[in-house]
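*Asks:* Sequence:
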Amino acid sequence: MKFWNTENRIEPKKEFYSKIKEYYVGISNSQVPTDLLNEIILIVTDQIYSDYKRFWKQYPKSRKRYSTLKMDDIQHPFIHFKVSKFLNEKAISKSREYSKILFSMNDEEYDKHLDHKEWYETK
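First residue of the sequence shown? That's 1 in the numbering used here, and the numbers climb one at a time after it.
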């Protein structure tokens, strides 16, 4: 009879939130308004945690991978799409500037991101 390792669980959402907040606060370097940044952190945390919970159930052999936040996932194009969409929906005047800061992109990289986002949304 095989027993699941009790330590092999998805970490609490508050742990995801703390790590994501630390990441975005560090990368934004006070260049993105705090209220806006907090909204972005909540959106990203909700999305990533939801994905991890789904993957945890869907891929039992990969549970170790989805038990703690992998920081690379914050830089996933889908997360960037989600943040871009949020900034556009809020009609933030500096959305391009803020996105480039949060995504660690220059103008050329951000333009490619927008092209990829458009392709993704219309495929």
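For the record, the hints were derived by calculation from the structure and aren't laboratory data.
Hints should not be assumed to be uniformly reliable.
As the list claims (entries may be wrong) - List of simulated lysine to any residue pairs, SDA-like, C-alpha gap at most 20 Å:
{"hint": "1", "residue 1": "Lys-85", "residue 2": "Thr-68"}
{"hint": "2", "residue 1": "Lys-117", "residue 2": "Glu-89"}
{"hint": "3", "residue 1": "Lys-14", "residue 2": "Pro-77"}
{"hint": "4", "residue 1": "Lys-100", "residue 2": "Glu-118"}
{"hint": "5", "residue 1": "Lys-123", "residue 2": "Pro-77"}
Claimed, not checked - Pair ranges (Cβ atoms, derived):
{"hint": "6", "residue 1": "Ser-30", "residue 2": "Arg-54", "range": "28 to 36 Å"}
{"hint": "7", "residue 1": "Ser-93", "residue 2": "Ile-43", "range": "13 to 21 Å"}
{"hint": "8", "residue 1": "Lys-64", "residue 2": "Glu-118", "range": "31 to 39 Å"}
{"hint": "9", "residue 1": "Trp-119", "residue 2": "Phe-86", "range": "17 to 25 Å"}
{"hint": "10", "residue 1": "Lys-123", "residue 2": "Gln-58", "range": "18 to 26 Å"}
Even for Gly, the Cβ is constructed at its ideal location relative to N, Cα and C.
*Asks:* State for each hint whether it applies.
*Replies:* Status of the hints after comparison with the structure:
no. : hint                           : verdict
1   : Lys-85 <-> Thr-68              : 26 Å, violated
2   : Lys-117 <-> Glu-89             : 15 Å, holds
3   : Lys-14 <-> Pro-77              : 23 Å, violated
4   : Lys-100 <-> Glu-118            : 17 Å, holds
5   : Lys-123 <-> Pro-77             : 15 Å, holds
6   : Ser-30 <-> Arg-54: 28 to 36 Å  : 34 Å, holds
7   : Ser-93 <-> Ile-43: 13 to 21 Å  : 19 Å, holds
8   : Lys-64 <-> Glu-118: 31 to 39 Å : 36 Å, holds
9   : Trp-119 <-> Phe-86: 17 to 25 Å : 19 Å, holds
10  : Lys-123 <-> Gln-58: 18 to 26 Å : 23 Å, holds
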